[in-house]
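> Listed here are the chains, written in short residue letters.
Number of protein chains: 2
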Amino acid sequence: MDALEGRSPFGGLRPGIAGLLESGIVELVNYGRERDGLIPLWVGEGDLPTAPFIRAAANRGLEAGHTFYTYQRGIPALRAAVAGYLTRHYGVPVDMERILITGGGMQAIMLTLQALIDPGDELVLATPVWPNIMQSAEVIGGRLCPVAMTLDPERGWTLDLDRMFDAVGPRCKALFVNSPGNPTGAVLSRDAMLAIRDFARQRGLWIISDEVYGRLFYAGRPHQPAPSFLEIMEPEERLVVVNSFSKNWAMTGWRVGWATAPASLGQIYENLIQYNLSGVAEFMQEAALTAVTDGEADVSALIDRCRAGRDLVCDRLSTMPRVRFAKPDGAFYLFFEVDGEADSRDLAKRLVDTANVGLAPGTAFGPGGQRALRLCFACSEARLDEAMDRLQPVLT
Amino acid sequence: MDALEGRSPFGGLRPGIAGLLESGIVELVNYGRERDGLIPLWVGEGDLPTAPFIRAAANRGLEAGHTFYTYQRGIPALRAAVAGYLTRHYGVPVDMERILITGGGMQAIMLTLQALIDPGDELVLATPVWPNIMQSAEVIGGRLCPVAMTLDPERGWTLDLDRMFDAVGPRCKALFVNSPGNPTGAVLSRDAMLAIRDFARQRGLWIISDEVYGRLFYAGRPHQPAPSFLEIMEPEERLVVVNSFSKNWAMTGWRVGWATAPASLGQIYENLIQYNLSGVAEFMQEAALTAVTDGEADVSALIDRCRAGRDLVCDRLSTMPRVRFAKPDGAFYLFFEVDGEADSRDLAKRLVDTANVGLAPGTAFGPGGQRALRLCFACSEARLDEAMDRLQPVLT
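Chains A and B are the protein sequences, given in the same order. Our numbering puts the first sequence at residues 24 to 419. Our numbering puts the second sequence at residues 24 to 419.
Isolated chain A (complex conformation):
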């Protein structure tokens, strides 16, 4: 193999690509995956599989032989059903021509960045945030301008809008917003959204709004969704709203989501879908259609379950003196700090070893999150209670 010296695989990669280190969550999950009796609260999913009636719909599609290539934008029935769902919940008409079915919310973000961000273009976003958003932007050569939120024990994780707007330079193409937020659970008010919208209009910026947790909102009327940019912007404005079947309908592993984009970009998304995945399996789309059509009771039950989980976790952690947090208004995470623990990666590993509980280290989520841990409370109360019992001796 002398002839190959100096030509190792790494030598031929893009500069920087090997530096996109895994955020620490997958590494930790791999570390603890086979551990007996571990309570996994680190991943953004609940403890229940997809509802049987949704799984049955996929099987009906399989039995009917719906295994061929299909519509790249999504099957029309699903696009229409999603448009109807948004129209129902947000009280504004959403046309099915705006709906693009994607391989999960993550892929909807990647496609959107591919459409908008040239190498060197900037993306302004509030952190802590789901790290894959940052890394997907880096993969396509975008530059990140993170604006760190701060944890105020009274008001929760808060974003200073002026700081966000100050971060916008001449190369900025888009503002990325995630409300309710992962990992913080923070929810932007309608007023904050209006301010962001007005600023974006004035500067000609895109808004990429990740509203995957939009239904998991605990501060309004029962089952009222969190405020959405869909409610305050016109169909052909520079807005892409990202959503997913993962959370609302417990379909995390399926990888089915959607983008709501200006209808005039339909052909561009169709092309990008072709080059990235070439469409979502028809039988999976049929399951998603069943979910969005017949699954509203399940979504309501999930919201109630998450609210109960949030209350339980907050009650229990409030008795542990080292723990600092504010009760989140949305999503299904508590993102809390522990006094005396500066390295959340180390602490998360220690909690696997000593408490047999899996939490995600805040280091993964960018500026502002280094000291925090993310706990997903989309679980049964019994399981959460047991996890709290195990955490108590370590976090007290």
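Hints in this document: simulated from the structure, not taken from any laboratory. A couple of the hints might just be wrong.
Label-pair restraints from in silico Cβ distances [claimed, not checked]:
1. A:Asp362 to B:Phe76: 30 to 40 Å
2. B:Phe76 to A:Asp183: 54 to 64 Å
3. A:Ala324 to B:Ala405: 46 to 56 Å
4. A:Arg83 to B:Asn53: 52 to 62 Å
5. A:Gly114 to B:Asn53: 47 to 57 Å
6. B:Pro99 to A:Arg83: 29 to 39 Å
7. B:Arg213 to A:Pro390: 20 to 30 Å
8. B:Ala100 to A:Asp175: 20 to 30 Å
9. A:Ala100 to B:Glu86: 19 to 29 Å
10. A:Pro99 to B:Asp185: 28 to 38 Å
11. A:Asp185 to B:Gly143: 32 to 42 Å
12. B:Glu86 to A:Asp338: 46 to 56 Å
13. B:Glu86 to A:Ala324: 27 to 37 Å
Everything numeric in this text was worked out from a predicted model, so none of it was measured. Even for Gly, the Cβ is constructed at its ideal location relative to N, Cα and C.
Put chain B on the given structure of chain A with help from the hints.
This is chain B only, laid out in the frame that chain A set:
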């Protein structure tokens, strides 16, 4: 909406992204999709759904509740089975650490380009070729250096290797090779592969080898695979082989494929999988595992069926004097020219309208293909016969 003037969505896109026009295949398929009785030979898939025992495996996974997030590189059982499959068919040991499960072969290509190609880097490839390869490279800012093959009625579609090597400049990072080729059906000989390998080694280039049609080879012993770069390169060399469950196991719509890459790049692929799709559904991977483990008889039957389809189509077209082609050694396409027809897009549309047969226009496939049409012969002989009957009056 005065405030929005001058800020149309298109204005805010990346320059060039709207110019990535759809290749013409999807446009045509959308045009003819609902046409009564049309025989669709335009898409790269057969006319049979996935085998029932594979569909049943997916349903078992669904019933077992395997709907959660899963291993980002693929479930270990599937990675091991794929490694075993390659080892069996190519006679060289392939370690499962080299196998990465992706959302289809297309996604394996996109991930590989994301790992290798910086904006401005060049990719040399022979055309005509599946257009999504070219467009995915353009999406990530790569520059294409196409080398047109020529149609020799005796030898078929041929690639001049010297012209390919001459196209390699200082910014070239990789050679993209697709053998057996889509749309040409051309197969690189072992000698040609050795020459490409030696050139790539000398210049420190990557080889991206799309071997999705590797089993559909008609020039060797019965069911012998086409030559593969796996047979002639070491595990840690700069080689990525792209493959898919789509063709061999009639799973086109599922979107499950794999890359065989240097094991040292496993973490990089794992990261890129996270940012692009976040893993292939576990129940789909379980179906793929059943396919690769128990589906060999089906692959053999597919090869036989495609060979019969190829022979039928070639026999029939050879009686139509305007049609120029050479019998392909691999894949499941015939890529033929029609004397007196310079615009294949126009001709393909005309064939939908007058013959009710769907063929893909060669304009889609880059330099060298403008005049040709692609016909997929992975169909029943009865269906192909009927298609030939309909084409005869137009192509004679």
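> Decide, hint by hint, whether the structure agrees.
Verification of the hints:
1. A:Asp362 to B:Phe76: 30 to 40 Å: Because 57 Å falls outside the window, the suggested range is violated.
2. B:Phe76 to A:Asp183: 54 to 64 Å: 58 Å, holds
3. A:Ala324 to B:Ala405: 46 to 56 Å: Taking Cβ atoms as reference, Ala324 of chain A and Ala405 of chain B lie about 51 Å apart, which means the hint holds.
4. A:Arg83 to B:Asn53: 52 to 62 Å: Check failed, 25 Å falls outside 52 to 62 Å.
5. A:Gly114 to B:Asn53: 47 to 57 Å: At 32 Å between Cβs, range violated.
6. B:Pro99 to A:Arg83: 29 to 39 Å: Since the Cβ atoms of Pro99 of chain B and Arg83 of chain A sit about 30 Å apart, the hinted range of 29 to 39 Å holds.
7. B:Arg213 to A:Pro390: 20 to 30 Å: Between Arg213 of chain B and Pro390 of chain A, where Cβ atoms are some 54 Å apart, the hint is violated.
8. B:Ala100 to A:Asp175: 20 to 30 Å: 48 Å, violated
9. A:Ala100 to B:Glu86: 19 to 29 Å: Because 25 Å falls inside the window, the suggested range holds.
10. A:Pro99 to B:Asp185: 28 to 38 Å: 50 Å, violated
11. A:Asp185 to B:Gly143: 32 to 42 Å: 37 Å, holds
12. B:Glu86 to A:Asp338: 46 to 56 Å: For Asp338 of chain A against Glu86 of chain B, whose Cβ atoms are near 37 Å apart, the range 46 to 56 Å is violated.
13. B:Glu86 to A:Ala324: 27 to 37 Å: 21 Å, violated
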